[in-house]
Amino acid sequence: MIGDSQRLLLRATGLTKTFSGDGVVLPAVRGVDLRVPQGEFVAITGPSGSGKSTLLHMLGGLERPTSGEIWLDGQRVDGLSQARWAVLRRRHIGFVFQFFNLVSNMTVADNVELAALMGGATRRQAQARRQELLAELDLAAKADAAPTRLSGGEQQRVALARAMANKPSLLLADEPTGNLDSASSSAVLRLLANAHASGQAILLVTHDSRVASAADRVISLFDGTVVDDVPMSVVHTPMPLPDVLRLRG
Amino acid sequence: MRAMARWIRADLRASAGRALAVAGVVAGVVTALLLSAALLQGTTNPWQGLFTASRGAHIWLHLAPSTPVRQLSSEVPGIDAIAGPYPATAATVLHGDQRTRVELRAMNTQLPAIGKPIVTSGRWLTGSQVHGVVLESTFAQAMHVSEGDMLVLQSVEETARLRVRVTGIAETSDQGFYPDQTPGLIWVLPGLLRQIEPIVGRTEEIVGLRIAEPAATDVVVQQVVTQLGSSAVGTVSTWQQVKQSMARRDPLLGLLLALFGLMSLGAAVLAIVNVTSGRVLIQNAELGMLKTLGFTPGQVMTMLTAEHAILTVGGVVVGLIAARLLTPVLLGRVPGVSPATAIVPSGWALLIMGATAAAALLATAVPAWQAGRVRPIAAVRAHPPGRHLSRLASTAMAARMPPAIVLGARAAFVRRLSAALTIVGLAIPMLMITIGLGFWSTLDDVQRNPADIGLAASLTVAPGSLPLPQAQRLLRTDPQVQAYYGCVRASALVPGQTTTITTLGMGTSARPYPFHVVEGRLYHAPEQAVATQALLDSLGLNVGQFVRMWFGGVPVTFHIVGRIIDPQYDGEVLAYGTDTLADEGAPAPVGFFSVVLRPGVSPQAAAAKLSRASAARLDVEQVVNPANQLGIVHVALASLIAVLSLIGLASLLTASLLGHRDHQRDLGVLRAMGLTPVQVRATLIVRTTVLALVAIVIGVSLGRMVSTTLVSAVSQLYGLGAGIGRPPALGTIGTAAVLALAAAALAGTLPARTALPAVAVLGP
Amino acid sequence: MHGYVTMKIRCCWPARQQASTGGRGYAMRMPLLALLAKEPAHGYELKSQLEQIFGEAYPTPNIGQIYVTLQRLERDGLVQSQDVVQATRPNKRVYELTGAGREALLSWIDRTSEGPRVRDDFFMKLVLSQMSGTSDRLGLINRQRRHYLGQMRSLTDLAAVTSSQIPRLLIEGAILHLQADLDWLQRCQEELV
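Same order as they appear, the protein sequences are chains A, B and C. Taking our numbering, the leading residue of the first sequence gets 1, the next gets one more, and so forth. Taking our numbering, the leading residue of the second sequence gets 1, the next gets one more, and so forth. Taking our numbering, the leading residue of the third sequence gets 1, the next gets one more, and so forth.
In case anyone wonders, no lab produced these hints; they're calculated from the structure. From the three backbone atoms N, C-alpha and C, an ideal C-beta is built for every residue, glycine too. Hints may contain errors.
For each label pair, taking beta carbons as the anchor points, the in silico distance ranges come out as [unchecked claim]:
#1 A:V87 x B:A713: 58 to 64 angstroms
#2 C:I166 x A:T237: 20 to 26 angstroms
#3 A:N194 x C:E51: 51 to 57 angstroms
#4 A:T18 x B:M289: 34 to 40 angstroms
#5 C:S48 x B:M289: 55 to 61 angstroms
#6 A:T18 x C:E190: 19 to 25 angstroms
#7 C:A160 x A:N179: 21 to 27 angstroms
#8 A:T18 x B:S390: 44 to 50 angstroms
#9 A:K167 x B:T395: 18 to 24 angstroms
#10 C:I166 x A:T18: 49 to 55 angstroms
Coverage of chain C stretches by chain A, computed from C-beta distances (three or more under 8 angstroms per stretch; other residues unrestricted) [unchecked claim]:
#11 150–161
#12 175–184
All chains, full assembly: derive it from the sequences and hints.
And the structure:
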């Protein structure tokens with residue numbers, strides 16, 4: 001078991017989050033266990049209100065769990081102060097939100113470079129990293145634009161670049177294709193797949209099953225608890241084209 | 001129409017803070033301006049009110065006793081009426097441990113028709129109270145004597161001594177305010193005067209002349225002096241002199257207050273522009289929605305302007321009420337200003353209120369137009385422009401400078417126009433505060449170093465009933481005395497002038513009184529003299545020129561070798577060595593000693609000691625530092641600084657709110673990128689503080705540069721001449737700057753104190 | 001390639017028409033087995049139960065169709081019938097589930113739904129799960145979801161390697177339908193679990 005946990009990038013046990021205020025008690029996450037080995041791509045699906053986003057925010061240190069443990073790379077992190085979490089996020093975690101991913105008073109390029117700089121890169125390194133990421137995303141032309149001039153899909157792609165600028169060990173994404181059309185979604189998916197292929201561990205929350213199915217594992221969350229944990233290799237078999245037509249019948 | 005009213009009401013309720021800020025700024029400015037105007041009125045025109053109320057005399061003559069004046073009205077054309085003659089004599093009054101020289105003037109129980117003193121407290125002289133006296137009001141104020149007090153009157157020779165009771169206080173328009181005009185004036189019954197000074201030869205006759213054409217005063221004076229003979233005429237004073245003397249503070253305060261008033265208005269306009277356009281930016285989406293509901297751009301503009309009109313009117317009314325309430329409180333403390341004369345004429349009041357209201361509404365013009373232009377689909381709120389991380393910023397980040405400082409400082413300047421407006425809106429109040437502090441420190445300096453304005457001596461000692469050698473010996477042997485100078489006060493007639501001027505022989509040419517010479521040099525030889533700017537101006541002279549004047553018939557020619565600053569005698573002083581007069585054979589009447597005390601010695605203590613040592617036969621008076629009378633300026637400055645701070649704060653808060661709103665959207669990302677919550681909050685605080693810092697630096701440096709020049713310009717107008725300006729003390733300015741920065745930082749924290757959202761807000 | 005696809009499409013259409021169990025109505029075999037799993041019943045009882053459960057969602061088949069299906073089931077050995085003598089009425093035929101029938105029922109439930117009427121098939125399983133004694137609705141849903149996810153993965157992989165436009169569009173269509181099915185699965189989970 002000990003050896004097992006050291007191979008794990010992320011391990012969470014009994015994560016619970018209950019919101020209470022004004023006499024209303026809202027249990028958002030109820031006793032979730034999670035294991036993410038190094039380099040694995042995990043998708044979390046579930047209806048809205050199932051606690052997906054809350055779970056993700058807890059794993060990124062943006063929300064403090066009511067109870068439970070979180071171990072990141074063998075280090076216990078759930079009780080860390082905000083300051084320590086901030087340092088963790090600078091170097092080890094990349095976070096993509098559904099909205100408001102970019103600092104509004106900075107250009108696209110600077111957003112990405114800022115993240116790199118905070119991660120400890122030098123100016124030159126930050127610049128190189130930015131150029132590399134934006135090129136991969138086909139956004140090199142928009143490097144000098146203000147974030148508000150970009151479409152939603154472009155913004156989300158830049159957000160991904162921003163989140164990966166500091167070469168994090170774990171990429172957390174909350175509905176990265178939530179507001180996107182299918183073309184932008186494909187682009188995002190492609191980027192995620194490439195990152196995954198390079199060994200990036202990804203944990204994302206989505207209700208887009210296309211994205212979910214691209215993961216190594218799909219965890220179904222319902223009403224704050226895990227109801228299913230599907231390793232995709234098990235259920236997936238290659239399908240030839242004729243079968244497609246049979247599907248549609 | 002109803003819809004607009006509904007929206008206005010809801011909006012006022014929703015953003016009460018901002019509404020209060022706008023109304024508060026307007027109210028503050030109106031109050032400050034009205035108070036200034038009242039003060040101006042009180043100091044500009046006390047003479048006018050008094051003169052009219054007392055049916056004053058245009059010319060007052062101090063004549064030798066028993067000079068016949070009856071025929072003046074028939075022999076000199078233009079004289080309407082004659083007041084007096086009133087016998088008058090010098091005396092000393094004792095009150096507590098104060099000994100003061102006074103002039104006793106005998107008048108009847110029946111108040112005269114011309115030059116009638118206006119009783120403000122108590123009663124006029126009555127036959128039933130033989131030992132009752134009436135004090136002139138500014139004198140009474142300075143002595144802290146009120147109706148009902150007991151005083152001791154003593155003749156100059158100390159031969160007679162009487163206990164008297166103050167039965168009343170009265171104002172008069174026939175002489176200037178004490179202590180500019182010395183000695184103090186006490187009205188007594190003729191019988192009492194004779195008790196003090198039975199010898200008629202030692203009394204003067206005071207006669208007042210009311211003439212038909214005030215403009216022809218000079219002509220009449222010439223004729224009267226000719227008629228009566230110059231040997232009979234002691235001193236002549238005209239209504240213009242009295243008016244000017246009473247209004248002596250006019251240029252200083254008037255200019256000061258007018259200047260501050262104008263700039264307050266400007267700063268207020270800026271503050272309101274800041275607040276309003278900030279609000280338009282913040283409520284962009286809401287205003288856009290109004291358009292969607294069907295309001296036309298014109299209607300949106302109207303609504304915004306109407307809302308502000310309501311706030312402005314409210315502010316003006318509050319300002320008016322506050323000024324009414326504060327005027328008696330503040331102005332009651334000013335010596336020489338009676339709150340009754342300090343009523344702002346309704347024309348001025350309306351002008352002030354109207355100008356402020358107009359300025360406030362003008363300030364909303366551009367923001368209102370901006371609001372009208374907001375597009376209906378303003379779901380995309382007004383974003384800050386996305387700019388490059390400057391090389392400076394990214395180097396700083398790479399150099400591991402605290403990200404809060406880099407990002408905060410950067411964010412401050414992202415919205416160029418807004419940053420500029422905020423900086424200007426803060427720099428102007430800081431500029432004015434610095435100038436105000438400059439005035440303050442000048443006043444403080446004058447108070448602490450009277451030598452700089454020619455008041456090196458703290459005491460004036462007249463021999464009184466002590467023989468001169470004895471007096472000298474006392475002064476010589478007193479350890480508290482550093483030096484003493486024999487002085488004379490001599491009236492001189494200058495050709496072309498209608499009145500006599502009082503000149504001073506101070507020390508000898510070999511050992512002159514230590515005047516503070518700002519131009520040229522002090523007199524070293526007989527017939528050399530120094531003069532103040534005011535005197536030079538009134539005689540039309542410059543340093544280096546010659547002037548001839550007559551001392552009791554003896555002509556003396558002076559060479560003006562230097563310019564000094566001296567506030568006595570309305571700032572018109574000519575000083576020379578006493579040996580000049582002796583050489584020329586001119587009469588050298590009243591002699592006294594100007595005593596310079598050792599540093600650190602309290603004038604009051606030294607005066608008391610000398611008095612005791614001489615068994616109260618020496619006449620010791622403390623020299624009055626006019627700066628001490630300007631306490632009102634401190635009050636005025638303090639309140640102006642308060643108003644300016646309010647105005648500056650309004651700009652600061654708006655900048656902070658706008659920054660916060662821009663900042664809100666970035667909170668999630670910043671936290672995700674690894675800024676701690678403290679750093680995130682600090683970013684906002686740094687943003688506001690950086691703007692304030694720039695504004696403070698600009699305002700303070702400009703203020704320091706301008707302050708000294710301004711004070712010099714004002715004091716030149718005043719007649720003191722250039723040279724007394726002092727820059728604001730570094731310590732005070734430093735404290736003000738630090739306070740302003742602290743206020744900025746605090747303003748930065750206010751919106752940020754709302755709980756940091758732990759998760760990014762979902763959805764626009 | 002293009003011609004092959006066209007041919008395939010044409011020959012699928014008639015297949016679709018034959019897919020159902022004949023005439024209007026839904027596939028009744030499994031629902032009837034499920035109902036009989038609870039307790040034996042005769043035709044009219046079965047009809048009224050079907051009406052109760054599905055009446056608002058689907059038009060109820062007539063009694064004749066029910067008897068036809070029951071006879072076919074008996075022929076296949078999944079049910080057996082018995083005549084019950086009634087004193088005042090004509091005899092009624094009571095049907096009950098055989099062992100083979102129970103097995104067929106269970107294997108139907110365990111099997112992930114496929115084919116053109118997949119929704120109906122799965123939905124019926126879900127609805128009837130309580131009566132059939134297998135009340136693991138969540139497991140049912142999970143299994144179906146896993147199946148869909150697998151298909152989704154396959155489709156996306158296929159789309160990635162397909163270069164021509166028409167087949168890609170076809171795949172896209174299938175993906176979108178799959179997404180819809182998954183979403184519906186989620187709704188079922190929310191409502192029925």
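Hint by hint, here is what the structure shows:
1. Against the hinted window of 58 to 64 angstroms, the Cβ-Cβ separation of A:V87 and B:A713 comes to about 59 angstroms, which satisfies the hint.
2. A beta carbon spacing of about 24 angstroms between C:I166 and A:T237 agrees with the range 20 to 26 angstroms that was offered as a hint.
3. The hinted range of 51 to 57 angstroms is satisfied by A:N194 and C:E51, whose Cβ atoms lie roughly 56 angstroms apart.
4. Roughly 36 angstroms separates the CB atoms of A:T18 and B:M289, a value that falls within the hinted 34 to 40 angstroms.
5. In this structure, C:S48 and B:M289 meet the distance hint of 55 to 61 angstroms, their C-beta atoms being roughly 56 angstroms apart.
6. Here the CB-CB span from A:T18 to C:E190 is close to 21 angstroms, well matched to the stated 19 to 25 angstroms.
7. The given range of 21 to 27 angstroms is respected by C:A160 and A:N179, whose C-beta atoms sit roughly 24 angstroms from each other.
8. Between A:T18 and B:S390 the beta carbon distance is about 45 angstroms. The supplied range of 44 to 50 angstroms therefore holds.
9. Distance hint for A:K167 and B:T395: a CB-CB separation of about 22 angstroms, consistent with the stated range 18 to 24 angstroms.
10. For C:I166 and A:T18, the Cβ-Cβ distance of about 52 angstroms falls inside the hinted range of 49 to 55 angstroms, so the restraint holds.
11. Remark: the segment 150–161 of chain C is confirmed as covered by chain A, as 9 of its residues place a Cβ nearer than 8 angstroms to a Cβ of that chain, reaching the required three.
12. Coverage of the segment 175–184 of chain C by chain A holds in this model, with 6 residues showing a Cβ closer than 8 angstroms to a Cβ of that chain against a need of three.
Figure legend: structure checked against the earlier numbered hints; every hint is met.
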